[in-house]
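Engineer: Line order of the protein sequences matches chains L and B.
Under the working numbering, the first sequence has 66 at position 66, and the numbering climbs by one with no breaks.
Under the working numbering, the second sequence has 265 at position 265, and the numbering climbs by one with no breaks.
These are calculated hints, taken from the structure and not from any lab test.
Glycine included, C-beta positions come from ideal geometry on N, C-alpha and C.
Careful: at least some of the hints might be erroneous.
[As the list claims (entries may be wrong)] Here are the simulated distance ranges between beta carbons:
(1) B:P20 with L:P152: 30 to 38 angstroms
(2) B:E333 with L:K36: 52 to 60 angstroms
(3) B:F29 with L:D77: 43 to 51 angstroms
(4) L:V160 with B:D145: 23 to 31 angstroms
(5) B:D145 with L:D156: 34 to 42 angstroms
(6) L:E169 with B:D43: 22 to 30 angstroms
(7) L:R170 with B:S537: 54 to 62 angstroms
(8) L:R137 with B:D43: 38 to 46 angstroms
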Amino acid sequence: MFDFNHSNLDENGNPGAEIVSRIHDRFGNFPVHVQKPDLIRLNVPQTDIIPLLSWLRTETPFVQLTHLTAIDWLEEDEFELVYLITAPSLCISLMVCIRVNREKAEAESVFNLWLQAETYEQELHEMFGIHFPGSPRQGVPFILEGWQDMPPMRRDFDTVEYCNRTHPERPGREHHDSRIYVGRKFGEKGYLK
Amino acid sequence: MSLKNVIAPFSAWARAVQKPFTVPEADTFRPGADRYRGWHINDTKQCIGCGTCGDICQNGAIDMMPVDDATKGDSGLRPLVDYGRCCWCALCVDVCPSGSLGMSNNYIWIDRDPDVFRYIPGVDKKEWDDDSKGWRKEEGFNLVDPDRVPMPMMMPEEDRVKTWAEVVLGYSEKEARAEAARCVECGLCVAACPVHMHIPEYIAAIRDGQYDVAVNQIYDNNALPEMCGKVCTRHCEDVCSIGVNGDPLAIRWLKRFATEQFSDLSAVLSHDQPQIGVGKSVAVIGGGPGGLTTAFYLAIRGFKVTVFEALPQVGGATFFGIPKYRFPLPSLEKQVKLMTDWGVEIKTNHKVEADEFKQMQQDYDAIYVGTGLLKPSSLRAEGEDLPGVMPAIEMLIDHHLGKTVEVGEKVVVVGGGNVAIDAARISRRLGADVTIAYRRRMEDMPADHEEIEDSESEGVHLITQNIPLRVEQLPEGKLDFIWGPAEMVSEGGGRPRPKLVEGVENHLAVDKVIVAIGQKPDLRWLPTDVAEKITNSWGGITCDENGMTAAAGVFAGGDLVNDTADAVSAMADGLTAVDGIINYLGVGSKTEEG
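Full structure from sequences and hints, please.
Structural biologist: Pasting the structure below:
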């Protein structure tokens, strides 16, 4: 393991310059975006994710999986998986992002690198329907019991339609749209049409 | 059937001697975290019933229910939450424009009756109503942009006083659509607008780039929208729900934007009114906003309408009162052209006198009187008759009729309304050093606050809590404006009243004292018997709910009738008279528009 330290700042004082240049040397020129001085986003091809995370986990101070979540880019027919990898000794995090096809939503599990990934991957499977083959609790309910529908965090999941179907309105409901209600109360009229 | 299936039901009995699996929750109460999202709370005093919570709710869990009377600025509706559907996402709290809605961190409530889990927070009292913990909208976090798109100005402030050109540039298409996108379509503005314009609809049309739709919505009950788009007193913006914690929507500027998109209004506007007024004639005396409104909407229904205007140009106070750098003449002419295109006959330079009025009562089926307030209130201070002390209204009329107005080098304008500001800004442009003297505080000034700011940025000085004592003649035609300071005293709950501080006299040497402390009705032109019948204690006219005076067939509106004394209130009176005249003539049964 080589030395990372705060003296390795770039011209803007960003401590992440060191790790970015090393990633670029080793894995190629991924697009990099410095969100904040201590938070750097990398967009990497799906095929590079396991080699990159393995290397980070074993060869660099970026040893901690802080978070794993997903974004539904419905219009682009892709999910984005976001791995937040932290170097506790440097107080810097990397947001490593990959895109996976939305139709065949599948990604390699990182459960062998970080045991806690098992829970994140279980949750992503339940909420987005993203499959992580080999991850231990895929398909085991996380917080949804007996869920029969489309994974609810997918953006094409119609929440109000689901509500109407599974939680019928209680009898006696009435609703007054403020726009219409105010117009009626104050005698709004039209004189042209 | 296997042996296992036979035994299985009995195995459950083994649980009978074990401790229950369910958690005795009520005995081991654990408070929610500080920002836990529990049951809703609502500060119903702060809530304005805009219904944005219900609109954003992704589960359809919120109904708006009437709990109080609808007033300007409060629909009287309050949200009712159905917890059978709520998913505690808190979007309702995060979007709430007034910031009244929150969630307590209390999350435990056990009841056998499912229907109790529908309640109106803040109205149906709950034990967690006063919880300070729980989820609240975070300071500075807004789902709707609280900042108005700034209105670009034509030129730097210091250059404006050198020109009569319109100072407000108007929104670009991009700016207008961005501003329109801030609207939550609650409709509270509709209540506050005297003519109840379809504001959320035309703003939505602007947002969607459908400017022809917007203009048709606008013209549906506003016949002078470009005027309103430039100079309206905009009661709507006072009650805008976004304005509770941010800048209100620039409703006036958006209307201006929409109407300015079309140079030929008749090309985009259409109406489908049945011609119920054919064969009926109506005289409109006074071509102000109220009279023009009545004339326009009657004319498109087939009435033969003639407008009689004493001045060379219709528009009333919007023509002779409002300076051209706010409301240019071509803009007024464009709107009047649509009226004449659509059948309104206009006779200018035609002052109606008593005899002609008598004849009109014979010749026309109905008469609308909207001659406004033209008699200036006097200064009520010694020296008010000195040459050089002049009423603002006369100065404005002279100026707009193209007569030369001499203001000299130094002017004091007495008053705090829009007329005072207009007189001050015109005097600035005529090259004078101008001071406005107002009795009360700046926040009490009836003038539009933007107008006050603009006048100050144009170099107008403002002295508030200033009570004029007297005006004295100085050598070389100059005047000594002598005033005393006032302190504000509150008596009996009303707004604070200025009280003269005795024994202090301040002097201001000026060339002119322009008096802008209001105008009064002048109805001496009416036949005496009619005047006696229809005028009231302050010299104005009283109308019934149909806009009709005590004289049958004589309708009235505008500053003579209402106490708001602004253009849009006059237009509301004009609309009332449209309905009133149709009812009076008994031709309305064929049309019942909503």
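Engineer: Run the structure past the numbered hints and jot down the numbers of the failing ones, going up.
Structural biologist: 5
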